[in-house]
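K.L.:
In case you want the letters, here they are:
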Amino acid sequence: RKEVEQDPGPFNVPEGATVAFNCTYSNSASQSFFWYRQDCRKEPKLLMSVYSSGNEDGRFTAQLNRASQYISLLIRDSKLSDSATYLCAARNNAGNMLTFGGGTRLMVKP
Amino acid sequence: DVKVTQSSRYLVKRTGEKVFLECVQDMDHENMFWYRQDPGLGLRLIYFSYDVKMKEKGDIPEGYSVSREKKERFSLILESASTNQTSMYLCASRLAGGTFQPQHFGDGTRLSIL
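Respectively, the protein sequence lines represent chains A and B. Going by my numbering, the first sequence opens with residue 1, and the numbers climb by one from there. Going by my numbering, the second sequence opens with residue 1, and the numbers climb by one from there.
So here's chain B without its partners, still in its complex pose (with noise of 0.2 Å):
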């Protein structure tokens, strides 16, 4: 089975901070996302990133960067956090190559910038 971990199932932090989602997959996958959640607007991607070192932005990449230094592990952050960036935020995976590959996704972590 595919498991992608993401580091906080609850964070809070303060307006200004910098803020750092991890993600972690144990299935050698290509491709990994960051997507957030919200009432109303459904899932909106972050920024994905086909391989290592390799990033693309989403629909929504303003006020968020991301690193990918290892096929594993793709981090999302939050360079100054701010309250509308209160969300949930789910991390993803897929294998590349084949066009049946699902995304898999990580638990989530609810994220509350006060």
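Here chain A stands alone, though its shape is the one from the complex (with noise of 0.2 Å):
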């Protein structure tokens, strides 16, 4: 089993519609969770960071729920140029190293 999942989708949403992803994780150990955001043969770039207490930043909501050991982020009223990977990252006790998940894909038609 993978230490951090996502289903790679795609997730092929209408304009305006709001979506949603989970990343599970398998160590009951890890201390801090990210979203990347990820275009098409670019590098990845932080979009948000997820903190227990769950946050918003604009249209992106990020959750997190220890006990079921998952974050999720919401992204609401899409934009096409949400089009993306978006990629969930843990940071283990140690503090130093992320283990990513391998991503999921996110398509906005109009």
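Any given hint could be a false lead.
[Stated by the list, open to error] Cross-link-like lysine-lysine pairs, in silico, DSSO-like; alpha carbons within 27 Å at most:
id, chain 1, residue 1, chain 2, residue 2
1, B, Lys57, A, Lys2
2, A, Lys79, A, Lys109
3, B, Lys3, A, Lys42
4, A, Lys42, B, Lys13
5, A, Lys45, B, Lys71
6, A, Lys2, A, Lys42
7, A, Lys45, B, Lys55
8, A, Lys45, B, Lys3
9, B, Lys57, A, Lys45
10, B, Lys71, A, Lys42
11, A, Lys42, B, Lys18
12, B, Lys70, A, Lys45
13, B, Lys57, A, Lys42
14, B, Lys71, B, Lys18
15, B, Lys55, A, Lys2
No wet-lab data here; the hints were simulated from the structure.
From the two separate chains plus the hints, produce the assembled complex.
P.N.:
Pasting the structure below:
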């Protein structure tokens, strides 16, 4: 079993839709979590950190469920420009290494 | 803004060559990382470095070595390149300390071994 798992998708949604991705992690000692966005043939870019209490940044909301060991990303009012691959990452309690999921591909259609 | 610069966007080398991939960051970050990314396999950690002259193996270190002589520079070396090392290579850096310090990535080097 992979340490961090994501549904690879693709998720095909119309513009304006709300879409949610989950990411499960197997290491219960994982301390912190992140969502990255990666465009085709580009590097991953930090989208947001995921805090225990949940956090929101504009149309994006990230949540952490420690009991069930998953994090989620909710995108409201999807834009064409949101089309990308979304990677989740978990940091272990040693603090320095991130383990990445395989990514979920989102395609927003007009 | 954090700037992580990789020396080449595209590189073509031949089997058996010694290949150097360079990464420089300008934010005085202690931690630096080298990953490769392949379709269906995601991002896999090759090596990382906590600080100058320190290095640790990641998940797939075989066939690679690294050098961290200066804080801002982390080099990945393919000792004798093979075709299965054709991949996208990504360097990242991070400020040490603080649970929520993220990693910042360079643009990536798309390496082809012929």
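K.L.:
Does each hint fit the structure? Answer for all of them.
P.N.:
Hints, verified against the model:
1. With a C-alpha separation of about 19 Å, the suggested pairing of B/Lys57 with A/Lys2 holds against the 27 Å cut-off.
2. For the hint linking A/Lys79 to A/Lys109, the alpha-carbon distance of about 8 Å falls within 27 Å, and the restraint holds.
3. Of the pairs offered as hints, the one joining B/Lys3 and A/Lys42 holds, with about 15 Å between alpha carbons and a cut-off of 27 Å not exceeded.
4. At most 27 Å may separate the alpha-carbon atoms for a hinted pair to count; A/Lys42 and B/Lys13 meet this at roughly 21 Å.
5. For the suggested pair A/Lys45 and B/Lys71, the alpha carbons sit about 22 Å apart, so the restraint of at most 27 Å is met.
6. Taking the CA atoms of A/Lys2 and A/Lys42, the gap is near 24 Å; set against the 27 Å cutoff, the hint holds.
7. Taking the CA atoms of A/Lys45 and B/Lys55, the gap is about 24 Å. The hint holds against a cut of 27 Å.
8. Between the alpha carbons of A/Lys45 and B/Lys3 the distance comes to roughly 12 Å, so the proposed pair stays at or under 27 Å and holds.
9. Of the supplied pair hints, the one linking B/Lys57 and A/Lys45 holds, its CA atoms being roughly 24 Å apart against a limit of 27 Å.
10. For the given pair, B/Lys71 sits about 25 Å from A/Lys42 by alpha-carbon distance, which is consistent with the 27 Å threshold.
11. For a cut-off of 27 Å, the pair hint linking A/Lys42 to B/Lys18 stands: about 25 Å separates their Cα positions.
12. Proximity of B/Lys70 to A/Lys45 is assessed by CA-CA distance (about 25 Å); at most 27 Å being required, the pair is judged to hold.
13. A distance of roughly 25 Å separates the Cα atoms of B/Lys57 and A/Lys42; the hinted pair therefore holds under the 27 Å criterion.
14. Distance check on the hinted pair: B/Lys71 and B/Lys18 sit about 23 Å apart at the alpha-carbon level, within 27 Å; holds.
15. Under the criterion of a C-alpha separation no larger than 27 Å, the hint pairing B/Lys55 with A/Lys2 is consistent with the structure, at around 25 Å.
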